[in-house]
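K.L.:
Each chain, written out:
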Amino acid sequence: MSLFRQYLAQRLLASAVTLLGVSIIVFLMVRLLPGDPAQVLAGLLATEEDVARLRADLGLNKPLHIQYGVFLERLLHGNLGRSARTSQPVLEELKPRLRATLTLAVVSAVLASLAGVAAGALAATRPYSRFDYVLSLATLFGVSMPTYWLGLMLIIVFAVHLNWLPAAGSEGAASLILPALTLAAFSVALIARMTRASMLEVLGQEYVRTARAKGVGETLVVARHALRNALVPILTVAGLQFGTLLGGAVLTESVFGWPGMGLLLIESIFSRDYAMVQGIVLVFSTLFILTNLAVDLLYVAIDPRIRYT
Amino acid sequence: MAGLVLLVSLFALAVAAPLLTSHNPERQKLSEALRPLSPAHPLGTDHLGRDMLARLLYGGRLSLLIGFLAVGLGVVVGVPLGAVSGFRGGLTDLVIQRLADILLSFPGFLLALSLVAILGVGLRNVIISVGISAVPSFIRLVRGSVLSIREQVYVEAAHAIGQRRTVIIFWHVLPNAMAPVIVQATLSLGFAILVAAGLGFLGLGVQAPTPEWGTMLGEGRQYIFRAPGLTMYPGLVIFLAVLGFNLFGDGLRDALDPRMSRV
Numbered sequence: 030m031s032l033f034r035q036y037l038a039q040r041l042l043a044s045a046v047t048l049l050g051v052s053i054i055v056f057l058m059v060r061l062l063p064g065d066p067a068q069v070l071a072g073l074l075a076t077e078e079d080v081a082r083l084r085a086d087l088g089l090n091k092p093l094h095i096q097y098g099v100f101l102e103r104l105l106h107g108n109l110g111r112s113a114r115t116s117q118p119v120l121e122e123l124k125p126r127l128r129a130t131l132t133l134a135v136v137s138a139v140l141a142s143l144a145g146v147a148a149g150a151l152a153a154t155r156p157y158s159r160f161d162y163v164l165s166l167a168t169l170f171g172v173s174m175p176t177y178w179l180g181l182m183l184i185i186v187f188a189v190h191l192n193w194l195p196a197a198g199s200e201g202a203a204s205l206i207l208p209a210l211t212l213a214a215f216s217v218a219l220i221a222r223m224t225r226a227s228m229l230e231v232l233g234q235e236y237v238r239t240a241r242a243k244g245v246g247e248t249l250v251v252a253r254h255a256l257r258n259a260l261v262p263i264l265t266v267a268g269l270q271f272g273t274l275l276g277g278a279v280l281t282e283s284v285f286g287w288p289g290m291g292l293l294l295i296e297s298i299f300s301r302d303y304a305m306v307q308g309i310v311l312v313f314s315t316l317f318i319l320t321n322l323a324v325d326l327l328y329v330a331i332d333p334r335i336r337y338t
Numbered sequence: 440m441a442g443l444v445l446l447v448s449l450f451a452l453a454v455a456a457p458l459l460t461s462h463n464p465e466r467q468k469l470s471e472a473l474r475p476l477s478p479a480h481p482l483g484t485d486h487l488g489r490d491m492l493a494r495l496l497y498g499g500r501l502s503l504l505i506g507f508l509a510v511g512l513g514v515v516v517g518v519p520l521g522a523v524s525g526f527r528g529g530l531t532d533l534v535i536q537r538l539a540d541i542l543l544s545f546p547g548f549l550l551a552l553s554l555v556a557i558l559g560v561g562l563r564n565v566i567i568s569v570g571i572s573a574v575p576s577f578i579r580l581v582r583g584s585v586l587s588i589r590e591q592v593y594v595e596a597a598h599a600i601g602q603r604r605t606v607i608i609f610w611h612v613l614p615n616a617m618a619p620v621i622v623q624a625t626l627s628l629g630f631a632i633l634v635a636a637g638l639g640f641l642g643l644g645v646q647a648p649t650p651e652w653g654t655m656l657g658e659g660r661q662y663i664f665r666a667p668g669l670t671m672y673p674g675l676v677i678f679l680a681v682l683g684f685n686l687f688g689d690g691l692r693d694a695l696d697p698r699m700s701r702v
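Listed in order, the protein sequences are those of chains A and B. Take any residue in the first sequence, count from 1 to its spot, add 29: that is its number in my numbering. Take any residue in the second sequence, count from 1 to its spot, add 439: that is its number in my numbering.
Just so you know, not all the hints are guaranteed correct.
[To be verified] Distance windows between CB atoms, simulated:
#  : chain 1 : residue 1 : chain 2 : residue 2 : range
1  : B       : PRO457    : A       : VAL139    : 49 to 57 Å
2  : A       : LEU131    : B       : ARG537    : 25 to 33 Å
3  : A       : GLY246    : B       : VAL534    : 28 to 36 Å
4  : B       : LEU679    : A       : GLU78     : 51 to 59 Å
5  : A       : ARG34     : B       : SER448    : 39 to 47 Å
6  : A       : PRO125    : B       : ARG665    : 45 to 53 Å
7  : B       : GLY583    : A       : GLY246    : 51 to 59 Å
8  : A       : SER300    : B       : MET617    : 40 to 48 Å
9  : B       : PHE609    : A       : LEU49     : 44 to 52 Å
10 : B       : VAL515    : A       : GLN39     : 29 to 37 Å
11 : A       : ALA45     : B       : PHE609    : 34 to 42 Å
Source of the hints: derived by calculation from the structure; they are not laboratory data. Computed from a predicted model, the values in this text were never measured in an experiment. From the three backbone atoms N, C-alpha and C, an ideal C-beta is built for every residue, glycine too.
Extracted from the complex, chain B is given alone in its bound form (with noise of 0.2 Å):
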């Protein structure tokens, strides 16, 4: 419930920020770089002299749309790759299940990171690597379901009325075993917005001057002893969106399924 209020907030934030704010956020005025808080710079302004809230409202559009966007990916690629490789075995299963294991054999961070190597920065780049580091939990999550599935007595029927095997995985298996990959999604988004947060603090991501919060932390950090608000608010409102997809991923968890571990 509190992770429900936490996300609703900042979409809420996110989605009215040209309501809250009057500050175009890449506007640039070396003037007021650097500035405290007052009442015209509420968070007051960043190395170049942009208002801080503006681009941190702004940017929350963007770091949400590019978790929301990279789990899309992970989701669409790999739950159907996970009923195929679950349903039908063999080497289908096998070649699946070695590729999954491949992108699992880079560690964490590192896949994301290596595919934005090949890709190249900006926007479009970090929402496919990230999606694609997402895509292996999905393939295991869904073959696993799957499995189980597949022995049920409604499968079996579907077989015996001569139903083909295309409708079967999409029509009778795979949303049965959506509850778990709904609850995988939400946790997955607050990963995505932290790897996609990562890559941008490292320079790599979102490119300058479009506000991103990964970006503006990364920014922030050469002005940490000068001010340090520049690195505490974005990486601030980070924390605080992925606390909440996984306070709700962890409360979706519950509703859904009581079976699944809370680990």
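Isolated chain A, as found in the complex (with noise of 0.2 Å):
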């Protein structure tokens, strides 16, 4: 159990000392634009005094790592500072979009763990097989094919000439089907290569000749014995594909007018709205290392052969 404290601690110092170095690129991003920082973050319809109120506030006259510390002590108690875009503060107008952003990942995600687990799995069981050369092919064309791209496909084929889905907005469930299908894509295909990989391998394992020996149907073999001691190579792909799916939210967003974080930070490039752009670039960061330390911490938890290095 202190072994486990240990890498625990460890992992938690590593991810801390990860976030913040994040939050010092985010803060030297509106330092390093051409211009006053003060100017940058008040926005293209800012006064004079809107400028200067927010230059002093910033603390600008000061060095640089005494406005780092001005900016990481709000950033602590949930501070953004204000979207030029609509003068309000940053986290409530992140919030809606958080939601959005998240309910759209998830299914995704477990979209993409349960048809990626099942397909490759079952090509395992059949190697070689005609299933398992169609499933090759279309992991290939999976992770090949461009987001944005798939879901302008799907979108003239269910939207516009079946005219069985909406094309774009966010109403009802029918809305975050045909996002969801493109955001999952190639995260399934993912899924569904490493969990091949996996079971192929653990398919050869003694313990699995072991349970067919003794009777065991195969079905139950499959399910049991092997894919249960195959999960964790699964776990760490399906883990780190949570990340891709929050990147991949940005542009899938953008096709269907969904309305989320990815598509908040599209509309704040453009419109010049830095303070918005800081705070979706800090939040989009902190889920995707929390994510990953919850998969290290998790596959340890799985796999007691692991150990805690």
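Since each chain comes alone in its own frame, lean on the hints to assemble the complex.
P.N.:
Listed below in structure tokens is the structure:
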């Protein structure tokens, strides 16, 4: 247990350092832009007084590390500044957007994991069969397909020609189907590949032979003995895929007009609302770092063979 | 093999663009906007009456160039950093690895997007942004190989005859770590083209009227109901290029190092 605690402490520390690094980069982002940071953050519509007030508020006449200190302190209090576009606190504007993005990402992640593991496991039980061949082709297509293009093609087929599903918006569950499918495609492919490889390895193990020799049915061998042991590398890939999903959400949300953080990020970049850009980038990275941490801890819990190094 | 054929064809088409079409990819003719396929315009025209085939062919030059320059940047920056990190260990290793961690904590597409938000749009900034987002994967990869190579007997021998560290890293260690780098670079090319086209699609990449696959896709998007071809063709060539690099990369991996996993 103490070993696990040590590992836990180590991982938490590493995550904290990374988070701090991300906050430094996000802080420097605005300072690196040409022009006066106060003017940059206040936005194009700000008056002279607004800019002057912001300049005093950010302590721009003080050295850079003091400015960062101010930034970090406010960050820890959940103060991400105000949007230049709406003058509202960034955090308040972000909340409903974060919910929309998480809904999309989580639905896609569940979809990708279920479909990916099922397809990969099935292919592994029939290696070099026709199904296996078709799946390997499909996964290759899946990882090579531009997300945004797949989304547009789905719109053409299901919204324009068949008129089954809405092309854009966020009204009801039906409008979630196309974005979720689009976003999941890449991850399904990767998870299916990983599952197939991992399962093939496990199915050759002696405990699987033992289970078969005992007369355990094939379905049970696959589901209980093999899949469970093949799960660690699959979980790693699936966990990392959550980050890819978050990144991909930016493009998917833009294609479908899904009102999440990604769409807001693009709008904010175009309207030069840098306080908002900073906030969104920070939230995305924090989510990603926390997911990776959770995956690391989870697979130690799942597989007792992993040593805490 | 299929990957190589695909890539060679795409390169040939891009290089031979002036021979294959007489249209200027940037010349607008509004009276001929959104025309369907015809002998004069084999793939029709876009919303400004520009020939789609010409734009796809010339756009290929730019999209492929962006891919190569961006991955080149990733290799030139990432490989030496990874080598030094793995070879020297200690504090150097710690600093470089934390740096890679930080870059890797911007999920996927988001790092390039954030960089473009700072640097601004345009060809050069797209290459820099996509290039920097490719750096951490090369750092990680090379560090891993170097860690095992530096324990080899020939490295010990080089130390023993008194060679300098820089010479050992770049002369004895790095060449032996190159096989996975070549594979990763090929796979990264597909990724780079995908990301650069994604930026173009959002309107944050190469700016109009210059033809670039992602930018074309983004422009065509408004006409998706009237002229689906404007989004279909550019997306299809992006897909084929990425598919080509992925297939070729997988093939290279099998050929160069059978021990590497296929996943």
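K.L.:
I'd like to know which numbered hints this structure contradicts. Please list them from smallest to largest.
P.N.:
3, 5, 6, 7, 9
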